[in-house]
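Number of protein chains: 2
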Amino acid sequence: MDILQRVGVRSASLNEVYDALTTLEGLSGWWTTDTTGDPEVDGIIKFRFGPGGFDMVVREAEPAKHVLWEVVDGPEEWVGTTITWDLKQEDDYTIVLLKHEGWREPVEFMYHCTTKWAVFLLSLKQLLETGTGSPEPNDLRISNWH
Amino acid sequence: MDILQRVGVRSASLNEVYDALTTLEGLSGWWTTDTTGDPEVDGIIKFRFGPGGFDMVVREAEPAKHVLWEVVDGPEEWVGTTITWDLKQEDDYTIVLLKHEGWREPVEFMYHCTTKWAVFLLSLKQLLETGTGSPEPNDLRISNWH
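So the sequence lines, in the order shown, correspond to chains A and B.
Counting from 1, one number per residue, gives the positions in the first sequence under this note's numbering.
Counting from 1001, one number per residue, gives the positions in the second sequence under this note's numbering.
Rather than coming from a laboratory, the hints here were simulated on the basis of the structure.
Where hints are given, some of them may not hold.
Quick look at which bits of chain B chain A covers, simulated, 3 or more residues with Cβ under 8 Å [claimed, not checked]:
#, segment
1, 1012-1022
2, 1086-1092
3, 1103-1115
4, 1121-1134
5, 1138-1146
Ranges between beta-carbon positions, derived for each pair [as the list claims (entries may be wrong)]:
#, chain 1, residue 1, chain 2, residue 2, range
6, B, E1062, A, H146, 23 to 31 Å
7, B, E1076, A, T36, 29 to 37 Å
8, A, Q126, B, D1038, 22 to 30 Å
9, A, S13, B, G1102, 31 to 39 Å
10, B, Q1089, A, A64, 41 to 49 Å
11, A, R141, B, E1025, 25 to 33 Å
12, B, N1144, A, D38, 45 to 53 Å
13, B, K1088, A, E105, 12 to 20 Å
14, A, D86, B, D1086, 31 to 39 Å
15, A, R59, B, P1063, 47 to 55 Å
16, B, V1107, A, H146, 27 to 35 Å
Here the structure is a predicted model, which means the values were calculated and not measured.
Yeah, the Cβ is synthetic: ideal placement off N, Cα and C, and Gly gets one too.
Model the full structure from these sequences, guided by the hints.
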C-alpha cells in the first residue's frame, strides 16, 4: 500500500526544489529543523521529531528530477518502506510527486501519515514560494497524534 | 487502492462533526459552497467545483459514528469508488477517519486528490474549531490542478 501526493510549486525551478530535497539546509526548512547526516547517494539522513524520527538511506538522486530514500530506522511501520520524489515542469509550476511505498497494513498510523505528508508538502511549497516553511516543531498540528 | 486520512477536531462533539458531514449547511461550510441535494440515506448529494463535480449516494449514515457515500457521477476515476467516514472520541479530540476506496489505477489524479483531501479535512477541522472553513471557491490552491 502506498501514499501518493502531488503539489505544484510556483516561482521555483526544478533545481531549487531538488535542493530542498537533497541538502540538510533545504530539508530542515520544511520537514524538521533537526535534520542531520549525509544527503549524498548512499548516505544516511537522520530526521528527528521530538522523541522519535526516521533514518533514510539515499538510494537514488538524479539532479532536478528524482530522489529515492529507503527507511532503515524509525517506527516499525516505516522501516523497509521507500519514499520516491519525482519532479517535472508544468505550466508555471514545478510539480512534486511523492510516493511513500510499501506499507504492509492500512493501520491508523497510515491514515495519520497521509494527512501529515500533505501538511509537510504544503510546508515545502511555502518554503520555496515565500522563503519560510513550517518544519517541526512549528508544523501544523492536526490531531492528538500531532 | 485507497486514500486514507486522519484528523482530530478539538472543541467539537461527535454530533457536531457528524452534522458537518450530513447536512447541506455543514458540507457547504468546508468542501464546496455549491452543495445541493438530499443528504439523507438513499439521497443524492451534488457537490460542484467550477465546471465539474461529484454526485454521491448516501449509502450508510449512523449518527455520531459513520457515513458512507458511493460516487455515482463525476470524473471517471471517481465513479464507483466509495468514501467512508468514521468518527470516534480520543483525548480531547473527535477523530475523523476518511477512507476513499476503490481507485482502479494509481493515476496522477489520485496523487492530487490525496493532497487535496487533506486540505479539505483541514478545512473541516477549521470550520468546527473556529466557525469558518475554507470551502471551494476559497480553498487552498495546491498546484496548476487547483
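Going through the earlier hints one by one, which of them does the structure break, listed in rising order?
1, 7, 8, 12
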